[in-house]
Amino acid sequence: GAGVSQSPSNKVTEKGKDVELRCDPISGHTALYWYRQSLGQGLEFLIYFQGNSAPDKSGLPSDRFSAERTGGSVSTLTIQRTQQEDSAVYLCASSHGSRGYEQYFGPGTRLTVT
Amino acid sequence: KNQVEQSPQSLIILEGKNCTLQCNYTVSPFSNLRWYKQDTGRGPVSLTIMTFSENTKSNGRYTATLDADTKQSSLHITASQLSDSASYICVVSSTNDYKLSFGAGTTVTVRA
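Top to bottom, those sequences are chains A and B. Under the working numbering, the letters of the first sequence match residues 1 to 114, in that order. Under the working numbering, the letters of the second sequence match residues 1001 to 1112, in that order.
Keep in mind the hints are simulated off the structure, nothing from the lab. Certain hints may be false.
A few chain B residues that don't get close to chain A, going by computed Cβ distances all over 10 Å [claimed, not checked]:
hint, residue
1, E1015
2, P1029
3, K1057
4, A1112
To give a feel for the contact side, a few chain A residues facing chain B, derived at Cβ under 10 Å [as the list claims (entries may be wrong)]:
hint, residue
5, V4
6, S9
7, Q37
8, Q41
9, G42
10, Y48
11, L91
12, G108
Label pairs and their computed distance ranges (CB to CB) [said to hold, decoys possible]:
hint, chain 1, residue 1, chain 2, residue 2, range
13, A, G40, B, R1111, 19 to 27 Å
14, B, D1039, A, G28, 19 to 27 Å
15, B, R1061, A, H96, 23 to 31 Å
16, A, G71, B, Q1072, 37 to 45 Å
17, A, Q83, B, T1078, 43 to 51 Å
For every residue, glycine included, the Cβ atom is placed at its ideal position computed from N, Cα and C.
Model the full assembly from the supplied sequences, consistent with the hints where possible.
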């Protein structure tokens, strides 16, 4: 079946602009995660959605970052007033249940802020 | 702070040879440890998962070991193939909140 998809695959933006990254999880998966992968560093947790529960936003690095998950499916990660240090690969993952279940990752969106 | 350290950072091996990647962690209390393979431009894909009571687990030519006492894991690749060229990421989960702690990965390059 279809895996996790993300769009766009690549995004180049100017410093100060806002960007939106999209994630389509695997159908039926109730949990959705966003991670940031910077060069030479491990994946950094950003935010976690589980069903209708309030999301765990503890990993968001600043108030310029926000995410929504509409209808329990598609999610959008928004970065406002982008900075050069926001340049990274943003990965989305989904899983059947809550934390502890196998996470399936999308291909990521490579964001470059110039 | 829960940490996962991987070594080496990168390695180059000839096709057909074996290699071993290392992972040390400080995550506590421990739930499980996964090894992921990440091809360039792709998301990570799970290779193995081990819980506290498991010492070794294989997936084809990939064999993972776990020593929960010393908090060390290894991933052994046997008879490497060109398609094994990728980043291998060690990921540890805590029973506290099941948040995942990721290593920075080992980049493996297999050359013909």
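Okay, the hints, checked on the actual structure:
Its beta-carbon lying about 26 Å from the closest one in chain A, E1015 (chain B) satisfies the requirement of being farther than 10 Å from that chain. Interface exclusion of P1029 (chain B) from chain A stands, the closest Cβ pair being 13 Å apart, more than 10 Å. Under the 10 Å C-beta cut-off, the non-interface status given to K1057 (chain B) relative to chain A holds; the minimum distance is some 14 Å. A1112 (chain B), annotated as away from the interface, keeps every beta carbon of chain A farther than 10 Å; the closest lies near 26 Å.
For V4 (chain A), the interface hint holds, since its Cβ comes within 10 Å of a Cβ in chain B; the closest pair sits about 7 Å apart. The restraint placing S9 (chain A) at the interface with chain B holds, with a minimum CB-CB distance near 8 Å, inside the 10 Å limit. Given hint, Q37 (chain A) at the interface with chain B, holds; its Cβ is 9 Å from that chain's nearest Cβ, closer than 10 Å. Against a cut-off of 10 Å between C-beta atoms, the interface hint on Q41 (chain A) holds, since the closest Cβ of chain B lies about 6 Å away.
Of the supplied interface hints, the one on G42 (chain A) holds, with its beta-carbon coming within about 4 Å of a beta-carbon of chain B, less than 10 Å. The criterion of a C-beta within 10 Å of any C-beta in chain B is met by Y48 (chain A), whose closest approach is roughly 8 Å, and the hint holds. Below 10 Å, beta-carbon pairs count as interface contacts, and L91 (chain A) has one with chain B at about 6 Å; its hint therefore holds. The criterion of a C-beta within 10 Å of any C-beta in chain B is met by G108 (chain A), whose closest approach is roughly 6 Å, and the hint holds.
One distance hint, 19 to 27 Å for the beta-carbon pair G40 (chain A) and R1111 (chain B), holds here, with the actual separation near 22 Å. Between D1039 (chain B) and G28 (chain A) the beta carbon distance is about 25 Å. The supplied range of 19 to 27 Å therefore holds. Checking the proposed 23 to 31 Å range against R1061 (chain B) and H96 (chain A) shows it holds: the Cβ atoms sit about 28 Å from each other. At roughly 43 Å, the beta carbons of G71 (chain A) and Q1072 (chain B) sit within the given window of 37 to 45 Å.
Distance hint for Q83 (chain A) and T1078 (chain B): a CB-CB separation of about 44 Å, consistent with the stated range 43 to 51 Å.
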